[in-house]
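Protein chains in written order, with the working numbering: chain A, 6 to 506; chain B, 2 to 296; chain C, 30 to 362; chain D, 30 to 362.
Everything labelled a hint here was simulated from the structure, so no lab data went into it. We put the CB at the ideal spot given by N, CA and C, even for glycine. Keep in mind that a hint or two might mislead.
Partial list, computed: chain C residues near chain A (C-beta under 10 Å) [stated by the list, open to error]:
(1) 126
(2) 225
(3) 244
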Amino acid sequence: MNDAPLLAIRDVSRSFGGIEVLHGVDFDLRPGEVHALIGENGAGKSTTMKILGGYLPPSSGTVELDGSTVSFSASDEAEAAGVVMIHQEFNLTEQLTVEENVFLGRELTKGLFLDKTTMRARTREWLERLDCHLDPTLRVSQISVSDKQMVEIAKALGRNARVLIMDEPTAVLTRRETDILLDLIARLRDEGTAILYTSHKLDEIARIADRVTVLRDGSVVMAQEAEGLTEDDMARAMVGREMSDLYPDKAPEPSGETVLDVQGLSVPGHVRDASFTLRRGEVLAFAGLVGAGRTELMEGVVGLREATGSVHVGERKLPPNNVAAARSAGLVYLTEDRKGRGLLLNKNLAENLTLLALNRFSGVTIDKRAEDEALTDAISRYDIRAGDRGMLAGQLSGGNQQKLLLAKTMLAEPDIVIIDEPTRGIDIGTKQQIYGIIQRLAAEGKAVIVVSSEMAEVIGLAHRVVVMAQGRIAGELTGDDIGDEPIVRLAMGLDAKEAAA
Amino acid sequence: QEQESATIGVSIPAATHGWAGGMNFHAQQAVEQLGERYDNLDFVLSTAPDPGQQVNDIEDMVAARGIDALVVLPFESEPLTGPVASVAEQDIWVTVVDRGLSQENIEDLYVAGDNPGFGRVAGEYFVENMPDGGQIVVLRGIPTTIDNERVEAFQQAIDGSGIEIIGMEHGNWNRDDAFTVMQDFLSRHGQIDAVWASDDDMAVGALAAIDQAGRDDIQFVLGGAGMKEMIQRVMEGDEMVPADVTYPPAMIATAIEMTALNFVGSAPVSGEFIIGSELITQENAEEYYYPDSPF
Amino acid sequence: MSAADTTTQTGGGRRLDFHVLGPVLALIALIVLGTLINTNFLSPGNITNVLARSAFIGIIAVGMTFVITAGGLDLSVGSMAAFIAGLMIIVMNATMSVMGVGLMTVIVGILTALVAGLAAGAINGLLITRGRIEAFIVTLGTMGIYRSLVTWLADGGTLSLDFDLRTFYGPVYYGGILGVTWPIIVFALVAIVGEIAMRQTAFGRHCAAIGSNDQVARYSAVHVDRVRTATYVLLGLLVGVATIMYVPRLGSASSSTGLLWELEAIAAVIIGGTVLKGGFGRVWGTVIGVLILSLIGNILNLTDVVSPYLNGAIQGVIIILAVVMQRGTNVSR
Amino acid sequence: MSAADTTTQTGGGRRLDFHVLGPVLALIALIVLGTLINTNFLSPGNITNVLARSAFIGIIAVGMTFVITAGGLDLSVGSMAAFIAGLMIIVMNATMSVMGVGLMTVIVGILTALVAGLAAGAINGLLITRGRIEAFIVTLGTMGIYRSLVTWLADGGTLSLDFDLRTFYGPVYYGGILGVTWPIIVFALVAIVGEIAMRQTAFGRHCAAIGSNDQVARYSAVHVDRVRTATYVLLGLLVGVATIMYVPRLGSASSSTGLLWELEAIAAVIIGGTVLKGGFGRVWGTVIGVLILSLIGNILNLTDVVSPYLNGAIQGVIIILAVVMQRGTNVSR
Ligand SMILES: Nc1ncnc2c1ncn2[C@@H]1O[C@H](COP(=O)(O)OP(=O)(O)OP(=O)(O)O)[C@@H](O)[C@H]1O
Ligand SMILES: Nc1ncnc2c1ncn2[C@@H]1O[C@H](COP(=O)(O)OP(=O)(O)OP(=O)(O)O)[C@@H](O)[C@H]1O
Ligand SMILES: [Mg+2]
Ligand SMILES: [Mg+2]
């Protein structure tokens, strides 16, 4: 390992519209190391990374490459210097294909023309390295969120980076894909690449980091070798206090009254013949591998997708394809795609917050004062770190966007709430709060479905777990049966028959 | 006498303003009546919104409808000259109406309106009725050669008479535009003695604007083209509308009829017929009043 | 997308204030110019003229603001106005021959206009939302259809309202209260209600949400198709209202009525700061846009400096400048 | 946005095939209709006429496909064509008085058209990308400007090419090789090169990427402003090319030259399946769109419809139907 930093920032500050979010940050990256940058939502991780990657200029301070000061005036200069970044938010154009996105801006040509064959082959090859078997000619708008992330990673891999900056690459990945990625990172490190890595999953950090830097409110509060650092130490440094147990006690066992009854639901092309019920006071988790069709099933249930089969809320049968009817029956769905389907990025926080529950705020006209109060309330309840209440949703940090989305959904006061990947990109402190909220909802007699790729979350929260595999319900686990092993076995399709029996 | 059947193509500009609307009406009437009267005649009528489209129409008539005669009222002279000439070369009878082509001797028959005459007659009326001179405003048509010819002739006619044009804008042969322009002329000039609206549609707009402003300095508004409502006002002795100048849209009907005669009668009618622009006053207004025409 | 990004980049609240001032500054500049050019520019007569003639496009442009904000477009409004005017005249003339000249006949005419506007808007809206056809194509099609229909109704010529009826109905354009004529009053009302609807009601919010990202709107249980259709219906209705003011002015309709109104209305909306790709709309901006366009024409008529052939060029330059002024102040901050 | 969603909803590859067939089916339907109506419809003469007259709009529409794919719009092309035609005529007449009728004079004219088109496109492009003004506003402005300029150059009348020169230059429209006239050959070449550029070059991809999400494109080191400007320059150049074919046809330019070409070109692009909001473009679709529009006009001329006043209505209905057919086959799968 070489000790001279490859890429560094010195005393960097950065402000947005008069609010300083980074205060004199020093940070460096050496070849052949994985340097983890962690911190709470809004601490300034993404901002730091963008400055290093040449996507944002610092307000003050310097960026140094190989010991000399540089100012990347555009990201392609950074890239030419071998600095490549995977953004927290997807950086793909929806209407182009996977291959077109992977090679966007640096297409291979044969003479004047594109060399599509080679580009497709390379794309496929890079995806294979991630054990992802996606057809490069699919449009990005047609692939799932986790596949998009794999495409992002493949895109970065193809650039032979000296410095690879990864902003929460695993937030949308399941454990299996995460494992593949972490192995890959280890290999790249061994080849001498400098890697900057961030994640809210502290076990990953503990597993691969050589050094850890912790940001809190835009300042570095800790920077040290990873050796000997426990997850608890990291959490404490991030949050600034001692963390108690992550998962609250489970709510009391549900009473038995069925509030949601789904029978024989099929979503063409994604889900076949799924049936399940949900009881009052219950937390039901849906587990499965990526592409198992959990998201599509839930979207079918609430009427966001064409589906056949029946959905009853209490005694009422929901009309198909009618989100509004589901909503007025007290059934709402929180999407896993916060950027594309969850939030209006160019609208302010209040407008986003009340969009789903607008009828509660408007008679003839909208009661802006009540809206404002709701925002104040949401900011404190969900700990949304917004520099300025008037800012746009797209200017929030990723995790804070997720919190806003959660607040928006809860504002509709649903009786049954389906949350798809509730804690994606959320820091450990807030995660705890969200788990608390879910548990409280159940205890109050509401019903909650959690679709999650995080095994610990599923095990820690649910009364009951439904496992999906390849568009079908593979089995169901309750009580003490809920555990790592059985879930994985079902998800892989190994135990299907047994469980059904 | 057994007569060969023939197809006559009629190509005219679309009804984009009042006069053209009247002309469209007369063309359709003529086609309908002649079609009924003569069994051996077939008519193809097409209307074009611009010169390019008119050339398309003519091409289609020749290539796909096999016309034996073409009656064309050119949208503009220059662009239609070449295409019509090539029609004439194919031994198809060509009748040109209103706007002459820019080359001589292409057409077999020319039924012409007299645009300079239109401007001149109007100008002479002003000179006669404003012996002491005065200040007038002019509303022009859509910028075209026709409009240029009319306005030039008008200016020549009033030259040296002490009549001064204090404002001239395009009203585009359109009531609404004329209304707006006239409103603004009225705001701009405290004293206007008379208005040459150069077209009856524009005259309607100008009169409405004058009415609204309640101004009594304007002695009269002279329009043109003989719209029936205006002729009626002339007939009734309306002081604001003492006269009108003809530019009969019915000339297209005349041309179609004369062309048709070639295929039903024995004597071919060719040559040049100029339909002059006449001054309509209360005395002769009745002769020009066609209550059934849409124009 | 690009709109979102631009906004994101320009960022915070304070810049928006300058962005907001843009069209206002352009309007003020034009007023100063007008005053310098002609002393009658600020006379009550001229002001009334300009405002009253802005009313038609203005009323329509307010409706267009909602359509564009929700991510749509309507090219048919000018032809629609012509068609409704023609229909109204025919119906009123026919009614008159039964009921005579009177309030009832006018009311029948007004109802005709409103119902026709509503229906035309609904047709556009349903073809777009139910038929899933691009708004550009649907309204290009209906634009041709209405324009043809009015030409056909008028037999190529002009449909005229009976003279007595026109005299009776005339005050709806020429009359008013306290020297403010009806078109101005109605325009002001439509603008105020529109501004409130855009900023203070769920409908306005939903329009902006749909235009900004219709998927997010759908996932937020907004009735996307219903709201979209409603914007077209509203626009159709406002075209009807504009026609009600238009017909008494000259009492006629022809194939050249309302020509290019769609372009003027859309231009006014964009000049006013609404984003063409949807997601952000500003009714008061539209009002200023309409006034800017009217003033350009008015000022050109009040001066002789340029060849009338060049009117269009000057108009073009001023439109671009008006928007540059918007951006300019924005950047200079 | 909505376009992307539609694709998402309709999903997989096989449906796309049907979507692709849409405009082709509409075209075939029109050809069948034409053949039924008039036996001369398929005559070489008529086919040549239709193709040759499609060439002007067609060449322009190919350029427009790139502009729209990259998320832009150009309303100025019709006026630009008129202005370039006027300029070309003036320059050629002037050159002739020095050099006489001959190849050199024609070449000077052709160069004038190309340079003017390039410059006009560059002005649009730079105002939009550097000036950061909405494309709609910029090109609405330049549309007025060019239209005015040609009216002014022609002094309100018509500019005409010297008669001898016109006879010399005429073969560029009327002549050809092996019975295929030049406009058709040039149109075909432009279409083929355009199709290749759209699908097989980085430029085409960058256009789609920018139209889909310009922020992402920027982050991917695509020179967003440069590519966007290039689309307008390309379009300007193609307007120049179209004008080179147009001038020998009519030998004149006036204020009514190229009227509404912009609308026709945009309509052709959209009918062909390109998405108005950008991100997806299809040059061959545009070619079919242009042919559909030309055929509608041609067929209307081959038959005696109820009333010529209703031409526009029939056109409107067919345009909507052509697109419904696209959607229809899509849904029926
Ligand atoms: N374009 C912007 N305009 C205004 N404020 C911004 C902008 N981008 C980021 N911020 C603010 O800067 C702060 C730091 O954001 P950053 O995205 O760096 O957080 P983060 O540490 O990556 O958080 P997360 O874990 O949620 O991704 C936040 O308060 C955020 O709201
Ligand atoms: N919009 C879409 N169009 C076409 N196919 C899609 C679309 N969205 C997802 N798919 C496909 O459907 C399958 C299931 O999607 P998805 O991965 O979202 O399932 P999931 O079980 O919810 O997984 P996760 O939520 O963990 O990502 C995948 O094969 C994916 O490629
Ligand atoms: Mg972040
Ligand atoms: Mg999912």
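Query raised in the report: Of the hints given before, which are not true for this structure?
Result: Number 1 - this is the single hint that the structure violates.
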